[in-house]
Each structure stands twice: as structure tokens, then as C-alpha cells.
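Engineer: Could you build all of it, start to finish, from the sequences and the hints given here?
What follows is each chain in one-letter form.
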Amino acid sequence: MLYLKISWVWVLKMQDVDKIFENIEATCHINSGNFDKHKIRIKDKRFGYKSIFKIIEHLKWIINNKLFNSTIKIVIDSEVIADDASLIIFETIIYNIIKKYNLNISYIFNINNKILGYELFRLSNLYKFNDRFIDRQEFIEKYEQRLDINKNRFRKITYNNKENLPTNYLSITMSEFSTFLSAFNLQKEYLDDLIEVISEIIGNAIEHSNGDCIIDVKVLNHKKKDHKFVSITSISIGDIFIGSEIKEFINNCDKSCYSSNNKIVINAYNNQKALFSSDYDIDSFAMVSAYQKYVTTRINPGGTGGSGLTTLIQTLIEKSENNHCYSLSGNNIVFFNKPFLSLTKDGLIGFNELNDYMNNIPSLDAVRKIKYKFNCTIYNLMFVVKEMIE
Amino acid sequence: MNRIELKFDKTINSLAGNDYGYKEYKDQVESKFKWDEKNEIVFPNNIEKIAISFIQGFARDIVDKIDKNKIEDYITIKSSSEYLTDKIISNMKF
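Note that the protein sequences, when read in sequence, are chains A and B.
When we follow my numbering, the leftmost residue of the first sequence carries the number 55, and every step to the right adds one.
When we follow my numbering, the leftmost residue of the second sequence carries the number 113, and every step to the right adds one.
No lab work stands behind these hints, which were simulated from the structure alone.
Some hints could be false.
Unchecked claim - Below 27 angstroms or equal to it, Euclidean Cα-Cα: the simulated DSS-like pairs (lysine-lysine) are:
| id | chain 1 | residue 1 | chain 2 | residue 2 |
| --- | --- | --- | --- | --- |
| 1 | B | Lys205 | A | Lys392 |
| 2 | A | Lys104 | A | Lys392 |
| 3 | A | Lys154 | A | Lys104 |
| 4 | A | Lys205 | B | Lys122 |
| 5 | B | Lys205 | A | Lys242 |
| 6 | A | Lys216 | B | Lys122 |
| 7 | A | Lys309 | B | Lys177 |
| 8 | A | Lys216 | B | Lys119 |
| 9 | A | Lys242 | B | Lys122 |
| 10 | B | Lys180 | A | Lys399 |
| 11 | A | Lys399 | B | Lys205 |
| 12 | B | Lys182 | A | Lys399 |
| 13 | A | Lys93 | A | Lys104 |
Said to hold, decoys possible - Incomplete in silico selection of chain B near chain A, CB under 10 angstroms:
| id | residue |
| --- | --- |
| 14 | Asn125 |
| 15 | Phe166 |
| 16 | Leu196 |
| 17 | Lys199 |
The model shown is predicted, which means the values in this text are computed figures rather than measured ones.
Where is the CB? At the ideal position from N, CA and C, for every residue including glycine.
Structural biologist: Structure (C-alpha cells):
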């Protein structure tokens with residue numbers, strides 16, 4: 055089979071990438087008095103957001119203290135990698151450190167090479183420079199490559215230009231994914247839903263955030279015979295989060311320019327606000343509200359709100375044999391997990407045992423806070439699906 | 113029956129995006145649509161996949177004017193597959 059290899063260099067908005075360091079508290083994580091050499095060791099069992107924050111905390115401490123001649127080595131002693139989003143965020147950190155700050159940095163992943171997470175790592179841009187000197191220019195060019203397709207991976211950077219919305223830009227992207235994923239022996243209906251969910255995520259990212267979007271799809275063989283592992287990750291760096299516009303709507307005294315469909319948000323807000331806490335606040339509520347049918351920040355209503363995407367994810371989860379899906383935006387995470395993933399006949403989703411958006415707050419198993427208001431919106435969808443038997 | 117044949121870039125096989133769907137409705141359908149008879153909207157054969165966002169934008173003005181459950185009284189869809197045709201109608205009603 056002939057595989058397409060495309061290189062197209064794209065320059066990301068530099069200030070956007072640096073935003074991932076904002077809101078993180080600079081903290082020194084080394085005990086040594088030698089501040090020329092910094093070894094940041096990650097011992098978390100799973101390399102995930104907790105590990106990512108520890109790395110950024112220390113790097114920010116180095117930057118704040120202007121220790122620009124330091125040598126930095128990041129040692130990942132985790133057993134497993136939580137997901138592809140963690141790898142792409144880590145790659146973004148390294149990219150920012152070498153491009154903006156020109157620091158001498160290296161990393162080593164001491165992870166089990168028998169697990170699926172290792173395959174994600176092997177296919178990532180990080181693999182080439184693992185435990186090696188990082189060729190600055192090559193790393194930067196690889197990160198900024200607008201379109202990168204090979205046998206098992208499709209990575210694209212979509213530029214956040216609102217002028218693209220009424221054009222066939224998204225249709226072209228969807229067609230590209232269609233071509234890539236069609237090479238795998240997935241069931242047609244599942245394939246169609248996968249392709250659609252990717253295009254909807256990118257569309258949401260362009261419409262509702264202010265950062266460029268990295269979309270990365272990997273398809274791998276699964277240890278179970280005739281099964282594939284599909285990982286879809288989108289990352290938009292920026293300080294507009296899922297639900298930001300809904301929060302504005304709630305706080306805006308003049309609601310005349312909004313859709314009357316949004317009344318349910320105000321009703322639910324009035325019912326839920328007495329239950330707000332440090333674990334579930336107005337930002338969490340606004341993010342959850344973005345997944346309700348007909349809820350829209352469009353002045354001219356008619357969109358599906360977030361329920362179109364929720365329905366698609368629900369369908370994919372129901373058709374898969376195993377899955378782990380979530381969206382992260384700011385300091386909120388929404389997990390798309392059974393039994394909380396079900397729309398009512400009115401298209402509402404409560405993410406709680408009663409599936410009641412109007413009167414009850416979500417389960418903490420479905421909607422959680424993370425340590426920092428991270429300037430990112432991330433979708434991470436992982437599925438194990440059966441291949442089509444011919 | 114009033115037949116409206118849509119045209120899209122021949123290099124793409126998918127349609128996506130709410131605003132793009134709305135623009136294509138305005139450009140290719142609005143002035144030709146007849147409210148007093150049935151309209152056959154024909155998607156070209158190169159279009160194999162359509163995202164819900166496109167259909168929602170495409171049908172925005174239509175579902176503003178008529179009951180979603182009566183869409184089939186006004187519209188027949190023709191596309192590259194029966195599966196896609198059913199999806200377009202069900203997404204219009206979503």
C-alpha cells in the first residue's frame with residue numbers, strides 16, 4: 055500500500071502556545087542546591103495532567119528566576135501514559151520551552167513498552183528525541199507541521215480563523231479524515247460517526263475558542279483479535295473555555311439578543327446555584343449547559359447546541375467495546391461515561407444518576423475540577439472497536 | 113416536483129459546518145424553493161458523508177417556517193446512498 059507523506063509547515067500563534075503556562079503556580083520541585091542542573095522526575099503511576107502540572111510548575115519557576123543557562127532533564131518513570139492528550143500537551147511544553155525560551159532541555163520516558171500507551175508514544179513526535187539531544191529546529195518544524203499523515207496517524211493543525219466558518223474548510227478537513235480512516239477495516243456506520251465527530255469537534259473549537267486546534271488521530275492494532283484501538287485528541291490553546299459564552303449569557307442583564315431556547319439554562323441555574331461548591335461552580339455548570347440541546351450562544355438560533363456532539367459521542371460509545379472519553383476546558387473535566395451519558399427525550403443531559411439537568415448537579419464521577427484553570431480545551435476520545443468481518 | 117440540484121467542490125466527499133450549511137442554503141436553495149409544492153433537493157454523488165452541523169445550518173430557515181414533523185411534506189432528498197438520505201432527514205428533524 056502506498057502511504058501519503060505530506061509536510062506543510064505552519065506557524066502557530068506563539069503567544070497562544072505560551073498561554074499553557076499562565077495560571078500555573080511556579081514551584082520548585084528539586085531539593086538540590088545546584089540550580090544549573092534540574093532533573094524533574096515524574097513518579098506518578100499514570101503520566102497525566104497531575105504530572106503535566108508538576109512539570110510546568112517547575113519550568114515556570116526556572117523561567118521566573120531567569121535561570122536560562124540551566125540544563126533541564128525530565129524523567130518520566132510512570133508505568134503508563136494516561137492518554138494521547140497528555141503526550142501532546144507535553145510535546146507543546148517542550149516546543150514552547152525550546153522555541154520561546156531557548157532552554158537546554160531533554161526528556162526520557164521510562165515506560166513499559168508492552169502496553170498500548172507506548173504505541174501512542176512511539177507514534178508521537180516525542181519518540182525521536184527520547185533520551186537524546188533535541189535538535190531544536192527539527193523539533194519545532196515537526197510540531198508546526200500543519201498536516202502530517204502516515205500509516206497509523208493523522209495530525210493536523212487547523213488555524214482558528216472565523217472567516218473559515220462559512221466556507222468549505224471544515225468539509226475539506228472532514229474529507230481528509232474520511233480518506234485516512236477509510237484505509238482501516240472499520241464498520242461503515244462506525245467509521246461515518248468517527249469522521250463526523252472529528253469534524254464537529256474541530257468546528258466547535260474554531261467557533262467557540264480563540265486558539266488554533268491540533269487534531270491528532272491514531273489507529274492501532276488492539277491485542278484482542280480483529281479489534282482496533284482508535285484515539286482522537288483535539289487541543290485548542292486559549293482562554294475561552296467551553297461554556298464561557300453561556301456564563302456571559304447568565305451574567306448578562308440584557309438577554310433579548312439570545313435565543314429563547316436558552317431559558318432552560320436560566321431555570322436550571324436558578325435551581326442548581328444553591329448547590330454550587332468548590333467542586334462544582336458556575337464554570338462547571340456553564341460547561342455542562344453547553345452540551346444541552348438547543349442551548350446556543352448564536353444570536354440567530356438554529357444550531358443544535360452541543361447535543362449534536364453529545365449524541366455522536368454517545369453513539370460511538372454504545373458501538374464500541376471499550377472506551378474512555380472526556381472533554382477538559384479550563385479547570386473542568388466532563389467525562390462521557392456510562393451510565394451518565396444519555397439524552398432525555400427533550401435532548402437534555404444531567405450527567406447524574408437521575409439524568410436531571412434542570413434540578414440536580416452532575417455526579418462527581420462525571421464532572422470534576424482539576425488543580426488549575428488550564429488555558430486549554432481538550433477532547434480526548436479513545437475507543438476499542440471491532441473490525442468489519444468480510 | 114420542484115427539483116433543486118446542489119453543486120459542491122468535486123474534490124470533497126464530505127460536508128460539515130453550521131455556517132457553511134446555512135450559506136449553501138442561501139446560495140443554492142432559498143430562491144428556488146417553492147413552498148406550495150414538494151421540492152426534491154439533490155446532493156451530488158461525490159458527497160458521501162454529511163455532518164449534523166451542516167444539515168442543521170442548511171435547514172435552519174426551513175425549520176423556522178414549518179413544523180419539523182412536516183418536513184417530508186415539503187422536501188424529498190436524493191443523495192449518494194439511502195443511508196445518507198435517511199440521515200439528512202432525521203438530522204433535519206433533530
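Engineer: So, for every hint listed, does it hold in this structure?
Structural biologist: Hints and how they fare:
{"no.": "1", "hint": "B:Lys205 with A:Lys392", "result": "holds, 26 angstroms"}
{"no.": "2", "hint": "A:Lys104 with A:Lys392", "result": "holds, 24 angstroms"}
{"no.": "3", "hint": "A:Lys154 with A:Lys104", "result": "holds, 24 angstroms"}
{"no.": "4", "hint": "A:Lys205 with B:Lys122", "result": "holds, 25 angstroms"}
{"no.": "5", "hint": "B:Lys205 with A:Lys242", "result": "holds, 23 angstroms"}
{"no.": "6", "hint": "A:Lys216 with B:Lys122", "result": "holds, 24 angstroms"}
{"no.": "7", "hint": "A:Lys309 with B:Lys177", "result": "holds, 23 angstroms"}
{"no.": "8", "hint": "A:Lys216 with B:Lys119", "result": "holds, 24 angstroms"}
{"no.": "9", "hint": "A:Lys242 with B:Lys122", "result": "holds, 22 angstroms"}
{"no.": "10", "hint": "B:Lys180 with A:Lys399", "result": "holds, 15 angstroms"}
{"no.": "11", "hint": "A:Lys399 with B:Lys205", "result": "holds, 13 angstroms"}
{"no.": "12", "hint": "B:Lys182 with A:Lys399", "result": "holds, 19 angstroms"}
{"no.": "13", "hint": "A:Lys93 with A:Lys104", "result": "holds, 17 angstroms"}
{"no.": "14", "hint": "Asn125", "result": "holds, 5 angstroms"}
{"no.": "15", "hint": "Phe166", "result": "holds, 7 angstroms"}
{"no.": "16", "hint": "Leu196", "result": "holds, 9 angstroms"}
{"no.": "17", "hint": "Lys199", "result": "holds, 8 angstroms"}
Violated hints for the displayed structure: none, as all numbered hints are satisfied.
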